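**Student:** In this note's numbering, each residue carries its 1-based index in the sequence shown increased by 130.
Note that these hints are calculated values from the structure, not bench results.
The structure displayed is predicted, hence computed values, not measured ones.
Here a beta-carbon is modelled for each residue, glycine too, at the ideal position from N, C-alpha and C.
Where hints are given, some of them may not hold.
[What the hints assert, rightly or not] Using 25 Å as the maximum straight-line C-alpha spacing, the simulated DSS-like pairs for lysine-lysine come out as follows:
1) K381 with K360
2) K311 with K359
3) K345 with K360
4) K345 with K327
5) K372 with K359
6) K145 with K194
7) K372 with K382
8) K345 with K356
9) K311 with K345
[Unchecked claim] Label pairs and their computed distance ranges (CB to CB):
10) G149 with E307: 37 to 45 Å
11) Y304 with F348: 16 to 24 Å
12) D266 with D236: 56 to 64 Å
13) K377 with K318: 21 to 29 Å
14) G401 with L195: 25 to 33 Å
15) E432 with I147: 18 to 26 Å
16) L242 with L305: 45 to 53 Å
17) E192 with L305: 41 to 49 Å
18) Q272 with G347: 50 to 58 Å
19) Q187 with R358: 27 to 35 Å
20) H387 with Y216: 43 to 51 Å
21) L195 with G347: 21 to 29 Å
22) Q319 with N340: 21 to 29 Å
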Amino acid sequence: MLTLHKQQTNRMEEKQIQGILRRYYQYLRLEKSFSDNTVDAYSRDLAKFIDFLRVEQVDPMEVKLENFQHFAAMLVDIGIHPTSLYRILMGVRSFYRFLLMTRELDNDPTELLELPQKPQHLPDVLSVEEVDMIEDAIDLSQAEGQRNKAIIETLFSCGLRVSELCSLQMSDLYLNEGFIKVTGKGSKQRLVPISAKAIHELELYFYDRNLIDIKPGFEDYVFVSKIRKKNLSRIMVFHLVKELVEKAGIKKDVSPHTFRHSFATSLLEGGASLRAIQAMLGHESLSTTEIYMHIDTSHLREEVLTHHPRYSKHGQQ
């Protein structure tokens with residue numbers, strides 16, 4: 131009986147929140163004269179915060195400053211650029227100021243929330259078009275050209291750390307299922323969806339890889355050097371990325387980690403949940419030790435298929 135009463139109470143609270151949100155979005159459209167696109171952006175950002183509170187088991191009407199700080203820390207942790215972080219926190223602050231104005235709350239819990247300064251330089255994230263420019267700068271007539279294209283595509287499509295890319299094994303690839311197994315920090319393993327384009331580039335690279343007489347003990351590594359006949363080092367990948375970015379004429383400070391940031395930012399801007407992004411990046415939640423207790427791999431794949439531009443662009447189903 132107690133459980134049933136709690137479920138009924140939760141439904142009432144959810145209905146109340148949805149009603150407040152509708153009034154808030156109406157306020158943005160009618161009184162603030164925001165465009166539909168701007169209101170949609172506010173809606174997506176606010177939904178991320180409310181989803182975060184739901185996992186933390188915090189009532190949106192009873193939040194404290196520390197909840198906002200934890201939320202901001204999570205965004206920073208997954209590599210969200212200060213520009214996006216600033217916009218998201220400004221949107222959340224706008225909602226709570228609306229609640230204060232309409233007397234839903236007696237005080238503004240965001241009053242002491244410190245916002246990141248707006249950066250004056252170009253964000254260190256890459257668009258899909260810029261990733262294409264980098265790949266187009268690769269000379270595929272060279273022996274390791276296709277390998278390099280597969281590296282760039284895997285970094286962007288999977289959001290890997292450079293160390294994870296270098297240690298990726300052939301036995302970690304489940305390409306028919308659309309996943310790769312990644313070993314991250316602390317030897318923790320996770321399954322990450324991989325796009326059809328990345329799979330295609332890898333399969334083309336395997337033709338060249340099969341011609342390399344790989345040294346004993348290194349046969350299972352995915353990305354190997356034709357000259358050294360062993361797996362690539364982190365430094366080699368750093369040099370490769372710098373060289374290709376320069377050839378592509380991109381005037382940004384790009385490293386392998388930039389692709390990871392771009393992966394996370396693309397998913398966030400596309401509307402993916404924070405929990406899904408955390409799971410794919412290999413981060414632990416602030417409130418739980420096991421991401422996969424909250425989100426399964428099939429849902430992870432759906433999140434990427436829906437929200438990452440590389441997947442939708444190439445029509446993966």
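**Student:** Look at each hint and say if it fits the structure.
**Tutor:** Each hint, compared with the structure:
no.: 1; hint: K381 with K360; verdict: 32 Å, violated
no.: 2; hint: K311 with K359; verdict: 23 Å, holds
no.: 3; hint: K345 with K360; verdict: 6 Å, holds
no.: 4; hint: K345 with K327; verdict: 29 Å, violated
no.: 5; hint: K372 with K359; verdict: 22 Å, holds
no.: 6; hint: K145 with K194; verdict: 22 Å, holds
no.: 7; hint: K372 with K382; verdict: 10 Å, holds
no.: 8; hint: K345 with K356; verdict: 10 Å, holds
no.: 9; hint: K311 with K345; verdict: 23 Å, holds
no.: 10; hint: G149 with E307: 37 to 45 Å; verdict: 42 Å, holds
no.: 11; hint: Y304 with F348: 16 to 24 Å; verdict: 21 Å, holds
no.: 12; hint: D266 with D236: 56 to 64 Å; verdict: 57 Å, holds
no.: 13; hint: K377 with K318: 21 to 29 Å; verdict: 35 Å, violated
no.: 14; hint: G401 with L195: 25 to 33 Å; verdict: 27 Å, holds
no.: 15; hint: E432 with I147: 18 to 26 Å; verdict: 25 Å, holds
no.: 16; hint: L242 with L305: 45 to 53 Å; verdict: 50 Å, holds
no.: 17; hint: E192 with L305: 41 to 49 Å; verdict: 47 Å, holds
no.: 18; hint: Q272 with G347: 50 to 58 Å; verdict: 26 Å, violated
no.: 19; hint: Q187 with R358: 27 to 35 Å; verdict: 52 Å, violated
no.: 20; hint: H387 with Y216: 43 to 51 Å; verdict: 21 Å, violated
no.: 21; hint: L195 with G347: 21 to 29 Å; verdict: 53 Å, violated
no.: 22; hint: Q319 with N340: 21 to 29 Å; verdict: 26 Å, holds
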